[in-house]
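Protein chains: 2
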Amino acid sequence: MYLTGLECPRCKEKHAADRLQNLCHCGSPLLVRYDIGALARDIDRDDVLRGRDDMWRFSSFLPVPEDKIVSLGEGMTPLYSLDGFAGEIGMDCITIKDEGYNPTGTFKSRGASCGISMAAHLGAETVAMPTAGNAGGAWSAYAARAGLDCVIAMPEDAPEITMKECALYGAETYLVRGLISDAGRIIGTACERYGWFDVSTLKEPYRIEGKKTMGLELAMQLDWDVPDAVVYPAGGGVGLIGIWKALEELELAGWIGPERPRMIAVQSEGCAPLVRAFEDGRTDSDFWEGAETIAGGIRVPKALGDFLVLGALYDSGGRAVEVSDDEIMDVLLTLARTDGSFICPEAAAAVAGVKRMREEGDLTRDDEVMVINTGSGLKYADLLEADLPVLDKEDEINVTPEGE
Amino acid sequence: MYLTGLECPRCKEKHAADRLQNLCHCGSPLLVRYDIGALARDIDRDDVLRGRDDMWRFSSFLPVPEDKIVSLGEGMTPLYSLDGFAGEIGMDCITIKDEGYNPTGTFKSRGASCGISMAAHLGAETVAMPTAGNAGGAWSAYAARAGLDCVIAMPEDAPEITMKECALYGAETYLVRGLISDAGRIIGTACERYGWFDVSTLKEPYRIEGKKTMGLELAMQLDWDVPDAVVYPAGGGVGLIGIWKALEELELAGWIGPERPRMIAVQSEGCAPLVRAFEDGRTDSDFWEGAETIAGGIRVPKALGDFLVLGALYDSGGRAVEVSDDEIMDVLLTLARTDGSFICPEAAAAVAGVKRMREEGDLTRDDEVMVINTGSGLKYADLLEADLPVLDKEDEINVTPEGE
Numbered sequence: 002m003y004l005t006g007l008e009c010p011r012c013k014e015k016h017a018a019d020r021l022q023n024l025c026h027c028g029s030p031l032l033v034r035y036d037i038g039a040l041a042r043d044i045d046r047d048d049v050l051r052g053r054d055d056m057w058r059f060s061s062f063l064p065v066p067e068d069k070i071v072s073l074g075e076g077m078t079p080l081y082s083l084d085g086f087a088g089e090i091g092m093d094c095i096t097i098k099d100e101g102y103n104p105t106g107t108f109k110s111r112g113a114s115c116g117i118s119m120a121a122h123l124g125a126e127t128v129a130m131p132t133a134g135n136a137g138g139a140w141s142a143y144a145a146r147a148g149l150d151c152v153i154a155m156p157e158d159a160p161e162i163t164m165k166e167c168a169l170y171g172a173e174t175y176l177v178r179g180l181i182s183d184a185g186r187i188i189g190t191a192c193e194r195y196g197w198f199d200v201s202t203l204k205e206p207y208r209i210e211g212k213k214t215m216g217l218e219l220a221m222q223l224d225w226d227v228p229d230a231v232v233y234p235a236g237g238g239v240g241l242i243g244i245w246k247a248l249e250e251l252e253l254a255g256w257i258g259p260e261r262p263r264m265i266a267v268q269s270e271g272c273a274p275l276v277r278a279f280e281d282g283r284t285d286s287d288f289w290e291g292a293e294t295i296a297g298g299i300r301v302p303k304a305l306g307d308f309l310v311l312g313a314l315y316d317s318g319g320r321a322v323e324v325s326d327d328e329i330m331d332v333l334l335t336l337a338r339t340d341g342s343f344i345c346p347e348a349a350a351a352v353a354g355v356k357r358m359r360e361e362g363d364l365t366r367d368d369e370v371m372v373i374n375t376g377s378g379l380k381y382a383d384l385l386e387a388d389l390p391v392l393d394k395e396d397e398i399n400v401t402p403e404g405e
Numbered sequence: 002m003y004l005t006g007l008e009c010p011r012c013k014e015k016h017a018a019d020r021l022q023n024l025c026h027c028g029s030p031l032l033v034r035y036d037i038g039a040l041a042r043d044i045d046r047d048d049v050l051r052g053r054d055d056m057w058r059f060s061s062f063l064p065v066p067e068d069k070i071v072s073l074g075e076g077m078t079p080l081y082s083l084d085g086f087a088g089e090i091g092m093d094c095i096t097i098k099d100e101g102y103n104p105t106g107t108f109k110s111r112g113a114s115c116g117i118s119m120a121a122h123l124g125a126e127t128v129a130m131p132t133a134g135n136a137g138g139a140w141s142a143y144a145a146r147a148g149l150d151c152v153i154a155m156p157e158d159a160p161e162i163t164m165k166e167c168a169l170y171g172a173e174t175y176l177v178r179g180l181i182s183d184a185g186r187i188i189g190t191a192c193e194r195y196g197w198f199d200v201s202t203l204k205e206p207y208r209i210e211g212k213k214t215m216g217l218e219l220a221m222q223l224d225w226d227v228p229d230a231v232v233y234p235a236g237g238g239v240g241l242i243g244i245w246k247a248l249e250e251l252e253l254a255g256w257i258g259p260e261r262p263r264m265i266a267v268q269s270e271g272c273a274p275l276v277r278a279f280e281d282g283r284t285d286s287d288f289w290e291g292a293e294t295i296a297g298g299i300r301v302p303k304a305l306g307d308f309l310v311l312g313a314l315y316d317s318g319g320r321a322v323e324v325s326d327d328e329i330m331d332v333l334l335t336l337a338r339t340d341g342s343f344i345c346p347e348a349a350a351a352v353a354g355v356k357r358m359r360e361e362g363d364l365t366r367d368d369e370v371m372v373i374n375t376g377s378g379l380k381y382a383d384l385l386e387a388d389l390p391v392l393d394k395e396d397e398i399n400v401t402p403e404g405e
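Residue numbers (the numbering used here), protein chains in the order written: chain A, 2 to 405; chain B, 2 to 405.
Because the hints were derived from the structure by calculation, they are not lab data.
Please note: incorrect hints may appear among the correct ones.
Stated by the list, open to error - Derived lysine-lysine pairs resembling DSBU-like cross-links, with alpha carbons at most 30 angstroms apart: (1) K394(A) <-> K303(B); (2) K15(B) <-> K303(B); (3) K69(B) <-> K13(B); (4) K394(B) <-> K303(A); (5) K303(A) <-> K15(A); (6) K15(A) <-> K69(A).
Between the sequences and the hints, there should be enough to build the whole structure, so can you do that?
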């Protein structure tokens with residue numbers, strides 16, 4: 002355990018990590034700090050090559066005592082290439098890190114595993130959160146595993162499968178006629194009234210740490226190197242913040258050098274507050290009125306950690322990109338046929354962002370690009386249709402020769 | 002590459018592995034053979050501890066040349082315990098190997114990765130198969146990735162999500178008013194007529210090899226040991242055959258000792274041909290008329306490899322167990338709340354089988370049992386309901402104190 006405490010990235014105030022903690026007094030999310038020097042003295046980077054088959058092989062970079070880990074085998078997701086699609090857009094190397102191969106089918110399980118472990122460890126009895134859907138499924142699952150009560154509020158147009166998940170895992174689940182921001186207000190009020198622990202995105206410090214493991218893993222998987230660009234579909238942006246933090250800590254430990262990927266945040270044209278802020282050179286974003294996109298996971302009108310996301314974009318020479326819902330669906334359907342990969346619409350937005358950047362000349366043929374597929378397409382089967390021919394038992398398949 | 006050829010487990014005839022091959026002349030499925038002695042001389046078992054993050058870390062036990070692997074990062078699935086449920090049924094150690102964390106959400110991706118790699122390598126242009134659903138999704142995905150045409154036939158009551166997958170990946174997909182056996186006949190006829198390569202369960206030799214990696218991995222994950230029992234939901238039984246073959250090869254290589262787990266095959270009362278055969282002490286099974294169960298993946302009236310499955314049950318001191326659909330649904334719903342795990346109904350049957358055996362005294366408290374969760378519950382969301390309260394934006398959550 003190398004955990005030393007919590008630190009505010011805005012006002013630099015320090016907080017103890019031995020009790021339940023939400024935001025800093027200044028309203029900023031808190032970041033977890035470690036004694037990376039001691040870690041580097043004790044552990045060789047190649048020690049982790051033969052560790053657990055999940056993200057907890059990096060437990061030295063995480064805040065949870067070994068016997069308090071609440072795990073369903075999350076993380077250590079594989080990389081694979083999109084050669085077919087890359088060829089079509091004139092690139093040599095697009096790699097997917099596929100977070101669909103995770104408990105509850107999304108990368109949310111990483112944050113939930115770490116967040117629930119700490120919430121239970123530090124004495125929470127009930128956790129509560131708003132969600133666009135997938136985080137609710139993940140946190141409900143881990144809460145059930147940890148024996149915590151869980152209260153979830155989500156927009157009534159969230160994917161039905163995520164509502165079923167929350168109910169299945171026993172969470173007290175409410176639908177809201179509104180956006181995730183409306184659900185967030187309802188949860189915030191209830192937490193104050195009933196003393197529940199508010200585990201909204203970035204309102205507790207440990208979700209980032211779970212998401213951070215994506216960055217630790219990708220560096221290890223590239224033999225302690227980084228790609229030229231990491232492309233990430235940004236809603237709350239926690240994964241991007243986490244990956245950036247991971248690379249910083251890996252460099253502090255001497256496990257990687259000072260090179261950084263360009264960090265690219267992709268949003269939908271129907272909800273692009275980070276893109277607008279980036280274009281204006283600002284360090285925080287405005288609330289996006291009338292947010293609307295088929296990629297529900299990035300329909301976040303205002304991210305609490307916007308300044309952290311934008312900071313990483315500026316510091317890395319990255320950028321924010323927006324794409325249309327039509328581009329998102331087109332990429333989602335195309336990738337299945339060119340590469341056998343069924344990614345979620347949020348990740349399809351990210352891949353569409355790569356295509357945009359390539360068209361604009363902002364990515365070259367030989368740039369090595371890694372895209373985070375934040376969830377399995379299987380959770381979005383409602384977007385697909387299947388109008389298929391039906392045969393009787395006695396029928397035969399009759400293929401019409403081409404051209405007839 | 003330690004591949005030496007193909008061998009018939011029934012008549013012992015040998016076949017070459019350098020061309021497309023279906024069944025033996027005698028009608029039996031073929032098994033792949035390797036020069037395990039040479040493998041053992043070249044490779045130390047601990048070499049694989051730091052290999053690829055997918056099943057291809059075991060490529061020395063597999064038939065595919067390195068540059069012919071068609072992969073989406075399948076395998077290397079984690080283990081986790083079901084402590085909550087185990088406690089409820091008076092056991093200390095039930096472990097899940099969770100195959101839901103795989104491309105297309107099921108263990109079918111292992112067989113498809115190996116089978117499609119070999120089909121493409123050996124010159125197939127079109128592959129065709131009947132499926133209960135999940136295999137169709139997997140083989141369609143890998144066929145798309147390999148650039149092969151794919152023809153699928155499945156019962157019209159297969160899970161709709163698997164129909165959508167096949168269509169998404171570009172497979173020519175037919176629904177059949179009947180069972181998987183009816184779909185199989187239609188595919189067989191079409192393969193003869195059009196020269197397509199028939200990749201039905203066990204009709205080509207390489208699907209087993211992909212599934213075999215579950216056995217290689219579980220031994221490695223247990224530090225080169227085996228559990229007391231491996232419990233497997235048996236439809237075609239390929240996974241069970243594969244795990245058994247893996248343990249045999251690992252012992253030949255000297256990587257594990259002679260100990261074997263009891264191999265347990267679980268079926269539904271509505272389709273239990275292997276259970277009936279086992280109870281009668283027979284080495285093959287009869288066609289099960291009127292097959293019916295909510296666990297569609299084990300609704301297989303007659304498995305082509307029944308004699309191989311039954312052989313493994315007898316040789317290991319294992320058994321076949323049947324459970325009801327009510328028990329299956331009860332376990333599926335219970336596990337989500339006790340352990341945060343959402344497994345598929347087939348695996349829920351397997352866990353229900355463990356419960357049955359524990360009640361019958363055929364498992365003891367301290368038996369270490371490993372259950373293969375063959376797929377993610379997320380593909381079976383249709384089995385669940387979510388009738389949830391809806392709030393307006395301005396509403397608040399009102400909790401009624403208990404007892405009022």
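Tested hints:
1. As the CA atoms of K394(A) and K303(B) are separated by approximately 17 angstroms, the hinted pair is consistent with the 30 angstroms bound.
2. The suggested pairing of K15(B) with K303(B) holds, with an alpha-carbon distance near 26 angstroms, which does not exceed 30 angstroms.
3. Distance check on the hinted pair: K69(B) and K13(B) sit about 29 angstroms apart at the alpha-carbon level, within 30 angstroms; holds.
4. Restraint check: the Cα-Cα separation between K394(B) and K303(A) comes to about 17 angstroms, which is no more than 30 angstroms; the hinted pair holds.
5. Taken as a hint, the K303(A) and K15(A) pair is honoured in the structure, with Cα atoms around 26 angstroms apart against an allowance of 30 angstroms.
6. The hinted pair formed by K15(A) and K69(A) meets the criterion: a straight-line CA distance of about 24 angstroms does not exceed 30 angstroms.
Of the numbered hints listed earlier, not one is contradicted by the structure.
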